[in-house]
Amino acid sequence: MEVLLFLHILSGFIALAGAALALSGKKGGKFHIASGRLYFWSMLVLFLTAIPMTVINNNVFLFLIAIFSFYLAFAGLQFGRNKSGNPGPLDWVAVLLMIASGPAMWALASLYFVNDDSQYITLLLFGSLAIFLGYGDYKSHRDKLAVGKERIARHLTNMLGGTIAVITAALVVNAPPGPEWIWWILPTLIITPLIIRWNRKTLN
Numbered sequence: 046m047e048v049l050l051f052l053h054i055l056s057g058f059i060a061l062a063g064a065a066l067a068l069s070g071k072k073g074g075k076f077h078i079a080s081g082r083l084y085f086w087s088m089l090v091l092f093l094t095a096i097p098m099t100v101i102n103n104n105v106f107l108f109l110i111a112i113f114s115f116y117l118a119f120a121g122l123q124f125g126r127n128k129s130g131n132p133g134p135l136d137w138v139a140v141l142l143m144i145a146s147g148p149a150m151w152a153l154a155s156l157y158f159v160n161d162d163s164q165y166i167t168l169l170l171f172g173s174l175a176i177f178l179g180y181g182d183y184k185s186h187r188d189k190l191a192v193g194k195e196r197i198a199r200h201l202t203n204m205l206g207g208t209i210a211v212i213t214a215a216l217v218v219n220a221p222p223g224p225e226w227i228w229w230i231l232p233t234l235i236i237t238p239l240i241i242r243w244n245r246k247t248l249n
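If you use the working numbering, the sequence shown corresponds to residues 46 to 249, in order.
Derived from the structure by calculation, the hints contain no laboratory data. Predicted, not measured: the structure shown is a model, and the values here were computed from it. Accuracy of the hints is not assured; some may be wrong.
DEER-style ranges, computed between Cβ atoms [unchecked claim]:
(1) Leu-66 with Gly-193: 23 to 33 Å
(2) Gly-74 with Asn-160: 28 to 38 Å
(3) Asn-160 with Ile-96: 22 to 32 Å
(4) Asn-219 with Leu-68: 35 to 45 Å
Quick list of in silico lysine to any residue cross-link-like pairs, SDA-like style, CA-CA up to 25 Å [unchecked claim]:
(5) Lys-189 with Ala-145
(6) Lys-184 with Leu-135
(7) Lys-189 with Ile-241
The beta carbon of each residue, even a glycine, is placed where N, CA and C say it ideally should be.
Hey, can you work out the whole structure from these sequences and the hints?
Right under this line is the structure:
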C-alpha cells in the first residue's frame, strides 16, 4: 500500500510538470509532444495506482473520480495524435465509461446528500461534467468531427481537464481547514472559463 501511495504521489508531481511543460512549448512541436506524452504516462500510473487503493479502501467516490480523470488524459492524447477523425475501439469503450460514470456519480451524490455529506456537491458537478464532456466526445466520434480545429479544441479541452483533476487532487491533500467540497471544485471553477476562452480562440 505504501509503495502504491508513493508511486501515486510521484506520478502526480510528474503529471503536473508534464502539463506545465506542454503548455509552455510551441503547440505541435517536438517538445510539446514529448511533454504531453510524459503527462499522459504519468496520468496512467496515477490511474493504475489509484484503482487498487480505492478498492482496498472501499472508496467508490475516488474510484469514479479516477475513471473521470484518466479518461480526460486518454481522450486528450487520442485527439492529439489521431488526425483522421476515425475513433478506434478503445475510444468507444473509454467514452462510454466516461458517460456512464456521470449517472453513477449522481447516484452516489444522492446517498451523500441523504447522509448529510457535503461532498454530494462535488459529485453533482463532476457527474455533470462527465456526461457533458463524454457526450461531446461521443458525438465527435459518431460524426467523425475531430479533424482540423475541432480536433485541436477537443485535445485541448481533455488535456486541460485532466490537468484540473491533478491540481484538484494536490489541492485537496494540502488544503487548509474548511469544507472539503470547496477545494474539490475550486480549480474547475477557475480554469474552466480559461478552457472555454481558449477553445473559442482555437475554433475561430
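Within 22 to 32 Å or not, the Cβ separation of Asn-160 and Ile-96?
-> 24 Å, holds
Cβ distance range 28 to 38 Å for Gly-74 and Asn-160, holds or violated | For Gly-74 and Asn-160 the Cβ distance comes to about 50 Å; the hint is violated.
Pair hint outcome, Lys-189 versus Ala-145 [Cα-Cα no greater than 25 Å] = Distance ~21 Å between Lys-189 and Ala-145 Cα, so the pair holds.
Quick one, are Lys-184 and Leu-135 close enough, alpha carbons at most 25 Å?
-> 16 Å, holds
C-beta pair Asn-219, Leu-68: status relative to the range 35 to 45 Å that was hinted = Violated: the Cβ-Cβ distance is about 22 Å, outside 35 to 45 Å.
Holds or violated: Lys-189 with Ile-241, Cα cutoff 25 Å?
-> Holds: Lys-189 and Ile-241 sit about 22 Å apart, inside 25 Å.
Range hint 23 to 33 Å: satisfied by the CB atoms of Leu-66 and Gly-193?
-> 25 Å, holds
The structure fails hints 2 and 4 (numbered hints given earlier, in ascending order).
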